[in-house]
Structures are given as structure tokens and as C-alpha cells.
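S.K.: Chain residues, written in single-letter form:
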Amino acid sequence: MQFEQAIKSKIIICDGAMGTELQKRGLGKGVTPDSWNITNPEQVKDVHKSYIQVGADAILTNTFGANSARIGKESKYSVRELNLAGVKIARECAGEDVLVFGDIGPTGWEDQLPPYGTLSEDVFYEVFSEQAKALAEGGVDAIIIETMSNLAEATIALKAVKDNTSLPVICSMTFARPPASRPDDFRTSWGDSVSDIVESLTKGGADVLGSNCGDLVNEMPFLAKTIRELTKLPLIFEVNAGIPRIDDDYKTVYSLSPENFADIIMQIIEQGANIVGGCCGTNPEHISAIKNRLDILQSR
Amino acid sequence: MTDLKLSFVKSMLSRAQAISQTEQIIKDALANNVPASEILNDGLVSAMSVIGDKFSEGEIYIPDVLIAARAMQNGLDILRPYLASDKPSYKGTVVIGTVKGDLHDIGKNLVKYMLSGGGFNVIDLGNDVSSEKFADAVRTHNADIVAMSALLTTTMTSMKDIIEGLEEAGLREKVKVLIGGAPVTQDFADKIKADGYARDAGSAIHKAAELLGIAG
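The listed protein sequences correspond, in order, to chains U and A.
Note that the numbering used here gives residue 297 to position 297 of the first sequence, counting from 1, and the numbers run on in steps of one.
Note that the numbering used here gives residue 200 to position 200 of the second sequence, counting from 1, and the numbers run on in steps of one.
Same shape as in the complex, but just chain A:
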């Protein structure tokens, strides 16, 4: 269903019309008996991945991603009653948060939208998240990935504490750790022994899939 994917990429990036156009495409597809799961996975989810790439490449900007995420969310609400199971098959479960001391969450939210749009079950712990809170969430939600963001150079070092907290809680082997945020680099990720680094929300989809050994 490449056509559906392309239609969604276009509709989700049509700014003021993004929500209504995306909704219309979904309704038309349902009327044409396209299975809801196909509209979701081959259409919306694939389109979100393309949008992530465009964001990574500097073709589109933060507001485009925000509105695409809203169009996606609205689309999911329409599709939900048509989906066979209430529990969609996720690619994996991610607990995400901005690290302790850091109150910025736009970047973290972009990643959240991308990952949930890209087929992951995302548990958002918000901002200023402590080491204990991450560990608790990993246990409660049986998470596959811990995704952390820091916007400040002064708080990015908290990521190290959180990884150590996961080790102390005996959870480090169980989860992959994915980090990002403006001051974060691959070097830093290596230094604190994170499993992956994503330089922006678009690459986070691919990185998360890569960490779980699946196609993203």
C-alpha cells in the first residue's frame, strides 16, 4: 500500500489541513474495505517513519512533526474500533523520560510521537525523572527500551546515574538504553555505556528498531 503511505505523508504534512485530510483518507480507505490494520501499519506507521526521516534531513521542522503527531493520534482514534484486537501488536515497549533536573520536554515528546507513531508502545514518564522511577517503570511495564533525553549539558550527566541505577536494580541486562538530546553525542553514549544514541526524533525510530533487532 505505497499509495496509502504516500497519501498519508502528504496529508500529515499539509499543516492546517493535516488532521482533516488524514481523517478523510482513513474514512475513504475504510469505505473501500481496506483492513484497518493495513491502514495503520502500512499507512500511518510507515508514513510517520518517512516524516521522521524528513525531519532528520532538515526538510521539515518541529511544528510539522507536532501537527503530524496530532493527525496520527486523531487517525488512531478513528481506526481503533475497526482494529481486530484492542491490544495492537507493538514492536516493543519503551519507557521514555527527560532525566532528573531537566524540565525540557519538547524534544522528548517529539521522540515519543515518533516512536508511538512508528509502532512502539511508549510509556511517558514525563520530565525530571529519577533513576528509581525509570527502574520501577521498566519492571511494571516489562519494557524493552529505556529512552532518555536531556537538553542541558548540566543534566545530561544524570543519564549515567540512571544507567547505574538500572544496573543496581538488576535490570541493565533486560533493557536497551537509548539516549538523545541537544548536547548528547555518540561519544557520550559510548562513555556512559548506553546501547544507542539518536541525534534526533526521526533517527530514534530506526535506532529503537535496530536495538531490538527488527526492521524500522
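So that you can see chain U by itself, here it is in the shape it has in the complex:
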């Protein structure tokens, strides 16, 4: 199904977390998830299939960190190889009916554009262009630029994707918890406001706007409302499975059950979201819970 057609006709259910699911399958500390596209493709496929099986309409390629800024100079594999492998795996699992979103994450660079840093726009632009080209070459249905905390960086990434591909682009920012005194002043950890984000990314040609990850979970529906009031563009929200805690065996546990997670997702949909899915700590059970709720809603 084409992306443009899908977004007009239904709520698109995205998959859940990739990194934590790969860890369950043996990904060790200090190994980048992206490298598994080449060294352990069957495990990556297994994660994709687990989400498609419970009803995901779209899956994200395992390429969040597959850019030259993150993989570093010592990487055994090139950016192009990692991304092409990631798309191939996703495409094989998705078939004709499921959409594949090519995933682009932030550079993770602390050094930034002036006046905060010393890097030029070109340096960022090159990183994102290289990855976008590889994802497009592999054959994704859309690109998702996600987990961005810095609007300046997200805006350059958007331009790089627009310049180098003709694909629809989803831009998803990560927000910090607003201070108690200003509960509706949603900002990224770099201080970017919702209105600046909507303005800059709309001007840059984003096809979908939204948010994923970060400190917000219960506040996500309110954030969705806030963004919806500022734009008519389709919206995406990928929510964490609550705030992580460490249990008595030092295992990481996420607090939101699949049903409680689905409660939040349904509130987000009520605020006008078009694409919903899971971020850190979510698994196929969380996605299944969304699917069940939507099925019930649509059968009424």
C-alpha cells in the first residue's frame, strides 16, 4: 500500500521498540543494534515479524544509529551497507501490505551549530544525506526522522532527505518534561518550543509531524492536542512504555502494561493522531493492545 493512500484512509499502527527487543535476543552491551543488520539479520527479521504478526501497518528499519556520526570511523561496515541491509530485511518481512519507514536518528553530537558549537550546517547535512540516499536506494516507503531534541539538527536532516529523495518525510521530536510551574510549555531539552518546531518543519516540507520517546508518557495526549492546534498535517506519536525502573534482579522493567499503554494511545488518537506506535520498552503485546482497541472502535 502506498504511504499517501494509507495515511488518508486509516490510523496507521507502527511497530514498537527495536533495541530492547534485540537485547532480548542476545544483543550485548556495547554492540550497536544496526550492526546486526549484517551480522544477525535473522534476529532483526524476527523482531519485525513479531510486530507484523500482531497487526503493525508500518515497521521502522533497524537503522536508527546507522549514520557516519554514530557508527564512527572504526565501523566494519559502511553507512550504505548498514542501511541497505536494514531496508532489505524490513522489506522482506513487510511484503506488499506493510509499510517500511526508513529510520534516521540524531547524530548524537554534542558539538553543534554556532553559537553553541563549532560545526557547520554542511557537516550535519552530509551525514543525513548519505543515510537518506541509502535508505531511498534500498526502497523504503517513507523516511522517519525521529528522537530529535534539537530543532536545528532536525531541520537540516529534513532538508537533506528532501533534497536527496522524493519520499514522504515524517519528523518526530523528543520532548522533556515541562517544569511544574509551566505544565503546558512543552520544549525539547534544547529548548525548542512546539510552535517553533511546527513552523520550521512545516516550512521545510515535512509530511507528518509528531513526537516520540523522552520524558513524556501520560502527558502525550496533551502534547498531541497542543500540536494539533497548530497544524493540519498528519501527526505521529510513538510512546515509551512508561518510565523505566530496575527490579530486584537489576532487570529493567517498564511500568506501563499493554492495556494502560493502549489507553494513552487511544487518547492520543482522540486528539487527532494519524500514526501511533511504541518507543522504548514496548513489545508486540503493546502493539497488539492498540490493534485490538482500534478493531473494536472500527467495528462499532
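Since the hints were derived computationally from the structure, they do not count as laboratory data.
Just so you know, these numbers come straight off a predicted model, no measurement behind them.
Quick reminder that beta carbons are idealized off the backbone N, C-alpha and C, glycines included.
Take the hints with a grain of salt, since some may be wrong.
As a list, the in silico BS3-like pairs of lysine-lysine whose alpha-carbon atoms are at most 25 Å apart [as the list claims (entries may be wrong)]:
1. K29/U <-> K193/A
2. K29/U <-> K133/A
3. K174/A <-> K91/A
4. K8/U <-> K225/U
5. K29/U <-> K160/A
6. K133/A <-> K73/U
Pair by pair, the computed Cβ-Cβ distance ranges are [to be verified]:
7. D3/A <-> P114/U: 28 to 36 Å
8. E59/A <-> S120/U: 42 to 50 Å
9. S166/U <-> D161/A: 42 to 50 Å
Position chain A relative to chain U; hints supplied.
M.R.: Just chain A, lined up with the frame of chain U:
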């Protein structure tokens, strides 16, 4: 010198002008015969502490802290020739690093800037730091505090291994352990027997001082 402190808070938070304005204030103060140590301690260091508080309270954001740190660093370079001793009197020595398996370092660096801006001698071990490396650094630098950061829920458990490593090396009694990072909580700090938890870079200054029993 509250005026100097206030001037520095304003200059360091003036974004594009932060470095040049801070530099100008330092030069003016030197020209007016204000002792360099006073410009440093009552001015820059105190201002950094205020900036840390503003960051904790959500008044300012990461880029503000990054540029304040650059303005501070530039200011120190200007002051250094005027300071009486090459070895400034530090509040204490901190070895800091992101724990094994974790390659994120923005948060750790914010803490580093805050602590060094706040008058501590900070030894940065970088990211993906092993238990042995922390222990070695504590010995080499005669550190007072081990500060660890983890951004990932999957790597925060390495903090426990590092504390155990310090115990095995016979260093646990010698140092205070301060931890932080997005998924870290006070509960977790208690569980792994860390001495302190700071929820952000701003509170790290106060917590580090508190652990050493001095005013921060």
C-alpha cells in the same frame, strides 16, 4: 562581589554574545584591579552554580549550558596568567565517566562542565568506562568522588559492577560515589549503595559539595 556574579550570569547566558561579553567583563574587572582569584571564585564559579540551578529548574536548556561552559573556559584561559598559583585550590577531585556499554556523553559532559565550572578538579574518563579504569583513575588522581552517568536502562546496571569493583580494589571507603543519568533514580542509587544521586547537571554541583561536607 554579587555584582560580578550577576554580570557573569547575564553574560554567560547571552547566547551568541556569551563568550565575548564574559571576556569583556573579565578584562574590565582586571583593569579595575579586582584580584583574579576573586573574579574566578566569586564571579565565574558562583555564576556557574546559578546557571546550574536555572538548568535544574527548567529555565534554561542544554545549549545555554554548553555555551556558558565555553564562555567559562575562555574566561579561565584569560584569567590563568593572573592567578597567583598555577594550581588553583580545588573543592575536590572528581573522576567522571559514562559507564561501560554506554556511548552517550552529552549528559556526562554537562555535569563535567558544571563541576569544573563550580570549582572541582574534574578528570574525564570519557564514555564506555570499565570498572578497572575507574579504580585506576581513583588511585592515580587521588580522587574524592567517582561520578558515573548512564543514559540507557540497559547500561545503568553497570554502575553496580563499578561500585563492586571499587570495593574489590579496596577503594570504596576512600571515595564518594555520585550517580546520574536519565533512567537513574534515588531508589536505584540506594539499591546499589551509591553515596549520592543528582537528577541533573545543576544539582550535581550541590550534591558533590554535600558529599564532601563543604558549601556548594
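S.K.: Take the hints in turn and mark each one as holding or not.
M.R.: Hints and how they fare:
{"no.": "1", "hint": "K29/U <-> K193/A", "in the structure": "23 Å, holds"}
{"no.": "2", "hint": "K29/U <-> K133/A", "in the structure": "17 Å, holds"}
{"no.": "3", "hint": "K174/A <-> K91/A", "in the structure": "16 Å, holds"}
{"no.": "4", "hint": "K8/U <-> K225/U", "in the structure": "20 Å, holds"}
{"no.": "5", "hint": "K29/U <-> K160/A", "in the structure": "15 Å, holds"}
{"no.": "6", "hint": "K133/A <-> K73/U", "in the structure": "23 Å, holds"}
{"no.": "7", "hint": "D3/A <-> P114/U: 28 to 36 Å", "in the structure": "30 Å, holds"}
{"no.": "8", "hint": "E59/A <-> S120/U: 42 to 50 Å", "in the structure": "29 Å, violated"}
{"no.": "9", "hint": "S166/U <-> D161/A: 42 to 50 Å", "in the structure": "49 Å, holds"}
Consistency with the previously given hints fails for number 8 only.
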